[in-house]
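Given the sequences, and given the hints that come with them, work out the whole structure.
Residue numbers (our numbering), protein chains in the order written: chain A, 68 to 613; chain B, 68 to 613.
Note that these hints are calculated values from the structure, not bench results. Every clue listed holds true.
A few chain A residues facing chain B, derived, Cβ under 7 Å:
no.: 1; residue: T371
no.: 2; residue: S375
no.: 3; residue: R378
no.: 4; residue: V379
no.: 5; residue: L448
no.: 6; residue: D497
no.: 7; residue: N500
The calculated lysine to aspartate or glutamate pairs, modelled on EDC-like cross-linking and capped at a C-alpha distance of 20 Å, are:
no.: 8; chain 1: B; residue 1: K372; chain 2: A; residue 2: E600
no.: 9; chain 1: A; residue 1: K368; chain 2: B; residue 2: D497
no.: 10; chain 1: A; residue 1: K496; chain 2: B; residue 2: D340
Note that beta-carbon positions come from the ideal geometry of N, C-alpha and C, so glycine has one too.
There are 2 protein chains.
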Amino acid sequence: MSLPSATYKAEWLPKVQLYRQRLADSIPKEYLLDDTKVPEDLDTVPFNAVSFLYNEKLLSEREFAITDLKCETLAAKIAASEYSSVEVLKAFTKRAVICHQLTHFATEFFFDQALERAAELDAYLERTGSTVGPFHGLPISLKDELHIRGKVMHLGNVSRVETVSETSHISARVLEELGAVFFVRTNIPQAMLFLDGVNNLTGRRTTNPINSTLTTGGSSSGEAVSATFRAAALSVGTDMGGSIRLPAAFSGCLGFKPTGKRIANGTGYNGQDAIQTTSGPMSKYPEDLQFFMKHYINDGKPWTKNASLVRVPWITGPASQKLLKVGIMYDDGVTRPLPAIERGLRFAAEKLDAAADVEVVEFFPIKPQELLELGLRFFSLDDGPAKLGVLAESNEPLFPMAQEAMNGGGKEFTASENRELTFTRDAIKDDFNNYMVEYKIDVILTAVHLNVATVPQKSTFSLYTLPFNVLDMPAVTIQTGLFQDPAVDVIKGERTGFRSDMEKTEWSGYNAETHRGAPIGVQLIGKRFYDEELLNAAIYFTSLFK
Amino acid sequence: MSLPSATYKAEWLPKVQLYRQRLADSIPKEYLLDDTKVPEDLDTVPFNAVSFLYNEKLLSEREFAITDLKCETLAAKIAASEYSSVEVLKAFTKRAVICHQLTHFATEFFFDQALERAAELDAYLERTGSTVGPFHGLPISLKDELHIRGKVMHLGNVSRVETVSETSHISARVLEELGAVFFVRTNIPQAMLFLDGVNNLTGRRTTNPINSTLTTGGSSSGEAVSATFRAAALSVGTDMGGSIRLPAAFSGCLGFKPTGKRIANGTGYNGQDAIQTTSGPMSKYPEDLQFFMKHYINDGKPWTKNASLVRVPWITGPASQKLLKVGIMYDDGVTRPLPAIERGLRFAAEKLDAAADVEVVEFFPIKPQELLELGLRFFSLDDGPAKLGVLAESNEPLFPMAQEAMNGGGKEFTASENRELTFTRDAIKDDFNNYMVEYKIDVILTAVHLNVATVPQKSTFSLYTLPFNVLDMPAVTIQTGLFQDPAVDVIKGERTGFRSDMEKTEWSGYNAETHRGAPIGVQLIGKRFYDEELLNAAIYFTSLFK
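As structure tokens, then:
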């Protein structure tokens with residue numbers, strides 16, 4: 068990492084220190100775990116925060132009962148006054164505070180404000196006998212990028228440490244109008260540039276909740292922790308290249324990137340048509356993703372708030388089609404997944420194949436090299452220099468992966484080149500769609516990344532997620548329930564003939580021991596606007612994996 | 068117009084002459100009107116082809132009955148074997164051939180092929196007792212841009228005079244699979260560049276069917292004639308800046324530009340994300356537009372053929388809401404409409420105001436200057452030079468309006484500038500949407516152009532249509548049933564203080580006599596993806612204007 072300059076130290080460090088102090092002050096002290104219980108060597112000794120929570124019984128039975136309920140049931144119990152919104156908020160806040168002590172996932176708590184809101188919701192319910200909406204009383208965490216009026220959104224840049232949002236993000240507005248309670252916002256990488264939850268603002272890397280020596284991935288790093296640890300009833304990230312699906316896979320939860328324009332997009336990339344960015348739900352339960360989408364769309368009617376969104380209702384219906392045809396892509400044609408991922412895919416294939424109503428076929432990659440190049444170009448098309456500018460404003464030290472990411476950009480594309488690339492993009496979109504329609508493939512099953520979570524600042528960029536942003540196909544990370552096992556997940560024989568630098572780097576550098584216990588997630592991809600069918604499959608497949 | 072070069076004469080003129088010969092040969096001779104009946108001075112003496120058709124009873128009673136039926140009824144009668152597909156085709160072909168003699172609207176007939184197809188459809192219906200689909204036996208005309216496999220698509224460029232399409236356009240495929248019969252393709256401007264149906268290929272300008280000395284507008288020039296003359300049961304154009312709505316207004320029919328991505332887009336501008344191009348139906352009946360959209364989408368499921376399209380069904384339902392709130396925009400803030408258009412708008416406002424279930428309010432333009440500049444930039448963003456290249460390949464002579472259109476382009480925008488523009492675009496989209504949602508405005512009523520049809524090569528570019536491509540809002544041209552009247556539509560008093568060059572040009576150059584008898588169309592605009600509600604309004608309003 069580059070060294071901080073003198074002007075950075077003089078001008079910016081004081082602001083950063085103030086920011087850190089505010090973060091520390093914002094933590095509701097009454098829920099803090101005794102400090103002695105928090106391991107000091109999180110960064111070097113593998114620590115499973117989730118197991119710790121349950122093994123040490125850090126919540127009361129009732130608090131566990133509340134916070135472990137799926138959203139639909141929890142919302143129903145709040146609506147029936149079985150739990151008050153205030154009680155639910157307190158239970159989740161306790162869980163979130165412990166989560167933060169163990170993983171540093173938050174950028175800001177605002178418990179008092181949330182408590183006021185929860186009390187109002189309770190009063191409303193008592194007064195009127197009905198809820199504000201389907202999210203009534205559900206505590207929801209939000210990624211930094213999903214800004215809230217009156218609060219800082221820095222997008223991982225020191226130069227934005229004092230930038231207070233004047234409006235709330237459309238997703239925040241929709242959820243709030245339907246009854247959600249916001250109480251914590253969560254961490255992201257420096258300038259949202261890479262797959263690791265670290266920046267110069269919070270001062271502490273967000274650690275993987277399953278193995279603290281590993282990265283959470285990014286850029287929805289804090290939200291992935293929130294969902295895995297169940298620090299909130301719902302977690303909300305954004306995804307432009309895999310920023311929901313990758314940290315979900317690395318950290319051990321599920322994460323859904325809908326088709327673009329079904330719900331609100333991110334903040335950081337407005338005006339970018341070439342590649343779709345979108346917000347999306349994360350959770351440890353697939354049913355919660357569906358709950359989020361159904362109510363956000365059908366009750367929230369987000370197109371009345373944002374004219375760029377598509378007015379299309381969420382189709383509700385039976386949880387599964389008569390026969391689901393799944394195409395398994397074991398290899399994307401550029402980088403072969405490492406042993407743990409391969410094991411996950413074979414496990415999934417076996418479980419699916421054993422189900423009477425699922426047909427499994429192999430799916431071979433379509434124009435992988437072209438797709439990859441398209442994605443990388445779209446990323447540096449227009450905002451490489453812009454990003455650099457935001458970082459340069461404070462002259463903040465760059466993390467190694469930020470430095471690397473910067474190397475990609477720099478060339479200014481012309482509008483004509485832009486158009487040629489989008490023309491190619493649309494043609495490949497059709498290639499995928501035509502193939503899936505012709506062979507009646509409902510869902511593609513593949514890796515999320517060519518490896519499970521690795522140590523911080525060592526992840527290569529993902530080639531398994533980005534293509535489905537380029538193609539704007541809905542995609543969801545689900546968990547197999549398996550974890551990396553150094554005894555099993557070893558490379559057998561010598562590998563040569565690498566097809567890409569990335570494949571070479573990952574395979575040559577692979578050390579089975581490094582990834583011990585990392586969750587093995589896989590990715591499901593659907594046809595554009597078949598989000599409903601995709602989440603039905605995610606729910607069904609997850610049940611088959613048990 | 069520039070003079071043809073020697074190489075153009077030597078290399079290209081022979082090809083053009085061959086093309087013209089093929090067009091002449093393709094006309095089914097049995098339907099030709101006695102040549103002596105066709106006025107020789109069409110270009111200089113106003114001639115109303117539609118009145119002529121009816122007054123001279125150029126079709127038999129039965130042929131009139133068939134060709135004047137709305138699509139839904141006609142399709143039902145074919146399905147009930149009351150008319151055969153062959154008889155229907157013959158009736159429309161006769162009407163289309165006469166139309167071509169009077170207006171030169173076609174680029175190609177293929178009657179024999181269509182006859183074969185119609186006979187197959189009849190045989191299918193007899194054999195199975197059911198139709199191929201909702202368009203079974205309906206003869207449909209297509210703009211040149213909507214290509215058909217095996218046929219030339221030149222997009223108005225001499226250099227493409229021999230370019231045979233290898234595939235059919237998605238809209239052509241959808242319609243054909245649902246039973247449509249194609250039999251004629253129609254004319255467009257040089258390089259689709261301007262509002263006048265003339266190019267160097269067909270050798271004859273397509274003339275306005277209501278007043279032959281006036282332009283049809285463009286670029287769906289031939290389709291506007293087809294719809295007004297009812298030369299086909301349905302006419303299909305494309306619209307990226309007004310190319311459906313403008314010629315519809317000028318020529319006297321209705322034309323619908325749906326929200327982008329609901330049905331297939333055009334051909335000429337693939338890869339262009341900044342401004343949406345779309346195909347859309349044209350007809351003399353508003354119900355036909357609805358018929359087209361409903362069946363194209365719900366039965367054709369176009370997203371299975373083109374992955375860029377949105378999977379959203381066409382909502383069918385009652386023809387009108389309880390209360391429709393209409394915002395009338397009399398002036399776009401840049402160019403005030405001329406007297407005939409103003410009269411049309413006031414007439415419409417009066418009729419709507421008199422209806423118990425319509426509320427009329429005034430709608431004031433939102434950021435008109437910014438919108439206009441955006442639109443013009445989007446047009447020259449990336450393909451100005453590309454267009455010039457296609458024209459330069461043959462070095463064909465340029466029509467004055469093509470020359471003018473070229474002057475606009477030339478500057479290469481960067482991808483970053485592109486992004487800034489789309490950012491602004493999305494912000495103004497929200498401004499419109501927020502305003503319409505807040506004030507519950509269902510539909511905006513305004514001009515299609517600041518004037519009615521004028522003499523060829525004299526139209527300014529339209530500022531009333533382009534904004535709604537930029538904003539991707541659905542928009543439809545409907546007819547008031549009024550026509551320009553030189554005795555009434557005069558400028559009263561002196562006008563000064565022009566807000567734009569275009570306003571100055573049109574107002575200073577206005578000669579009421581020029582536009583005698585030109586149809587007065589107006590435009591209705593809906594919220595994005597509220598296409599269904601918009602066409603319901605178009606049907607209802609048209610009935611009120613009678």
